[in-house]
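Asks: What follows is the residue order along each chain.
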Amino acid sequence: MASLSTTSLSFKASSIKSTRISQVLRKPSSFQSISFGRFQSSKSLRLQISCAAKPETVQKVSDIVKEQLALSADTALTAESKFSALGADSLDTVEIVMALEEKFNISVEEADAQNITTIQEAADLIEDLVQKKPAA
Amino acid sequence: MRISVMSQMQRSFSIDLPSLIPLQLPSHEVKSTSLLKRYSQLLSPIEKDGVDQMRGDELKKNALLARTLVRTTISRYQTNKEVDPRSLMFKKNVYGKPEVDWQNCNNQPLHFNISHTDSLIACGVTVHVPVGIDVEDKERKIKHDVLAFAKRFYSADEVNVLATILDPEVQRKEFIKLWTLKEAYVKALGKGFSAAPFNTFTIQSMPGTEGAYNLCKTSEVTADPPEETKKCNGGWKFALFDLADSHYAAVCTEDDQANEGAPTKIIVRKTIPFVEDQLISERIFL
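Quick note, the sequences are listed as chains A and B, same order.
What the first sequence shows, in this note's numbering, is residues 1 to 136, in sequence order.
What the second sequence shows, in this note's numbering, is residues 1 to 286, in sequence order.
Just chain A, with the same shape it has in the complex (with noise of 0.2 Å):
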């Protein structure tokens, strides 16, 4: 149990930088968190390591989603805003998908693309996607 729990570890801290950390402090909802003990170097902190996409990634979906539904430039999106809260139908959301498949060079699964409600599902999966492609 505890070399899965190094293993699984190292794993996910090699990708997380300190800022990704406070960032995904901000956004509860959106991780899984696992807390271990010998990290606990002041009483407040808990390591919480996440699955979220980064904030780029977030980005360029959100724009993505903008000009699809045809939002202004100004419209305040975040990672939580739900595609059909903003007006997106079905064939909305296929839209998206295949412009967020051309833009970052995947290809998503049929379930996937109709399981996507917000932006952060959106980009979680897509960071999902890329890690997986075989390295170019």
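Some clues are possibly wrong.
The calculated lysine-lysine pairs, modelled on BS3-like cross-linking and capped at a C-alpha distance of 27 Å, are [claimed, not checked]:
#1 B:Lys37 x B:Lys60
#2 A:Lys82 x B:Lys138
#3 A:Lys60 x B:Lys91
#4 A:Lys82 x B:Lys217
#5 B:Lys37 x A:Lys133
#6 A:Lys132 x B:Lys151
#7 B:Lys92 x A:Lys82
#8 B:Lys31 x A:Lys82
#9 A:Lys103 x B:Lys270
#10 B:Lys270 x B:Lys217
#11 B:Lys265 x A:Lys66
#12 B:Lys37 x A:Lys82
#13 A:Lys82 x A:Lys54
#14 B:Lys230 x A:Lys82
#15 B:Lys177 x B:Lys230
#16 A:Lys82 x B:Lys91
#17 A:Lys66 x B:Lys143
#18 B:Lys177 x A:Lys66
#19 B:Lys151 x B:Lys177
#20 B:Lys270 x A:Lys66
#21 B:Lys143 x B:Lys173
#22 A:Lys66 x B:Lys173
#23 A:Lys82 x B:Lys48
#24 A:Lys82 x B:Lys143
#25 A:Lys82 x B:Lys141
#26 B:Lys191 x B:Lys177
#27 B:Lys61 x A:Lys82
#28 A:Lys103 x B:Lys141
#29 B:Lys151 x A:Lys103
#30 B:Lys92 x A:Lys66
#31 B:Lys60 x B:Lys151
#32 B:Lys138 x A:Lys66
#33 B:Lys231 x B:Lys217
#34 A:Lys66 x B:Lys217
#35 A:Lys60 x B:Lys265
#36 A:Lys66 x A:Lys82
#37 A:Lys82 x B:Lys97
#38 B:Lys92 x B:Lys60
#39 B:Lys141 x A:Lys60
#40 A:Lys66 x B:Lys151
Simulated from the structure, these hints should not be mistaken for laboratory data.
Since we're looking at a predicted model, the values are computed, not measured.
Fit chain B to the given chain A structure using the hints.
Replies: Quick look at chain B alone, frame taken from chain A:
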């Protein structure tokens, strides 16, 4: 089956109907604040939250009108007594499809489904059989190349049909019609999109009919080499027609086993709840 259509862009006029209370009519859209307030009084707290979650006034109004249309439409089709639209309760099936919660009945006497676009909301109601409805603006522009989109999401047979259409405008319109039909089927099925990915079924028009379509399901038969078989039996009925000259509407209903293959009668009404109600068409679809 009946479809109530509510158009936001309608020029309204008054009709005297004994069951409706005459109100000041909006001239261009449904924008009378007192009418909208009356509508919001019909909604449950959860529905009101849903409306509030929409970003922007137009989207909020659209969401309010959609719930209003559902409640008022269903409550009209009760046989024994006046049903207060406010009293209807809703739930979702295990896949998330909204349904009426009839509380005491085990089988659903009435089924409904709703679809909305910027300017038009449609609610379809059927007796005893599941229904799916989808409406799209005829002029809706697709941002991607239509054939590329179809190759990505539609079935191979549907791509072939679209590929033979040379005029890009006609091709785009056919694409949209197919979209509404496929959406209507998935919504009627009520099991979510993953239960029926768009590229696993083909909807084709029935030759010699206008607006009647067939569903063909492609499945792989485990053989060596693996083959694809196509089954085009009944089970589901489709109808495609125009609404208000501006939209395509597709309706899909489960074929009632007792009346398998019997024609479907579709009655379309244009309505502004509490204000007006107009019969648009009655058509039989084979």
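Asks: Does each hint fit the structure? Answer for all of them.
Replies: Going through the hints against the structure:
1. B:Lys37 x B:Lys60: 13 Å, holds
2. A:Lys82 x B:Lys138: Satisfied, since the Cα-Cα distance of roughly 26 Å is no more than 27 Å.
3. A:Lys60 x B:Lys91: 36 Å, violated
4. A:Lys82 x B:Lys217: Roughly 32 Å between the alpha carbons, so the hint for lysine 82 of chain A and lysine 217 of chain B is violated.
5. B:Lys37 x A:Lys133: Violated, at about 53 Å.
6. A:Lys132 x B:Lys151: 24 Å, holds
7. B:Lys92 x A:Lys82: With Cα atoms ~19 Å apart, lysine 92 of chain B and lysine 82 of chain A stay inside 27 Å; holds.
8. B:Lys31 x A:Lys82: 26 Å, holds
9. A:Lys103 x B:Lys270: It is violated: about 42 Å lies between the C-alpha atoms, which goes past 27 Å.
10. B:Lys270 x B:Lys217: Violated, because 34 Å separates the two Cα atoms, which is more than 27 Å.
11. B:Lys265 x A:Lys66: The given pair, whose Cα atoms are some 41 Å apart, is violated under the 27 Å limit.
12. B:Lys37 x A:Lys82: 26 Å, holds
13. A:Lys82 x A:Lys54: 18 Å, holds
14. B:Lys230 x A:Lys82: 37 Å, violated
15. B:Lys177 x B:Lys230: 22 Å, holds
16. A:Lys82 x B:Lys91: 21 Å, holds
17. A:Lys66 x B:Lys143: Since the Cα atoms of lysine 66 of chain A and lysine 143 of chain B sit roughly 13 Å apart, the hinted pair holds (cutoff 27 Å).
18. B:Lys177 x A:Lys66: 26 Å, holds
19. B:Lys151 x B:Lys177: Distance ~16 Å between lysine 151 of chain B and lysine 177 of chain B Cα, so the pair holds.
20. B:Lys270 x A:Lys66: 33 Å, violated
21. B:Lys143 x B:Lys173: Holds. Lysine 143 of chain B to lysine 173 of chain B sits at ~14 Å (cutoff 27 Å).
22. A:Lys66 x B:Lys173: 25 Å, holds
23. A:Lys82 x B:Lys48: 17 Å, holds
24. A:Lys82 x B:Lys143: 21 Å, holds
25. A:Lys82 x B:Lys141: Holds, at about 22 Å.
26. B:Lys191 x B:Lys177: 22 Å, holds
27. B:Lys61 x A:Lys82: Answer holds: lysine 61 of chain B to lysine 82 of chain A is near 17 Å, not above 27 Å.
28. A:Lys103 x B:Lys141: 20 Å, holds
29. B:Lys151 x A:Lys103: With a Cα-Cα distance of about 18 Å, the restraint between lysine 151 of chain B and lysine 103 of chain A holds, given a limit of 27 Å.
30. B:Lys92 x A:Lys66: Given that 27 Å is the threshold and the Cα spacing comes to 30 Å, the pair is violated.
31. B:Lys60 x B:Lys151: 35 Å, violated
32. B:Lys138 x A:Lys66: 22 Å, holds
33. B:Lys231 x B:Lys217: 5 Å, holds
34. A:Lys66 x B:Lys217: 36 Å, violated
35. A:Lys60 x B:Lys265: 48 Å, violated
36. A:Lys66 x A:Lys82: 12 Å, holds
37. A:Lys82 x B:Lys97: Distance ~18 Å between lysine 82 of chain A and lysine 97 of chain B Cα, so the pair holds.
38. B:Lys92 x B:Lys60: With Cα atoms ~22 Å apart, lysine 92 of chain B and lysine 60 of chain B stay inside 27 Å; holds.
39. B:Lys141 x A:Lys60: Cα-Cα ~23 Å, so holds.
40. A:Lys66 x B:Lys151: The hint holds at about 25 Å.
Going down the numbered hints, you'll see the structure goes against 3, 4, 5, 9, 10, 11, 14, 20, 30, 31, 34, 35, while the others check out.
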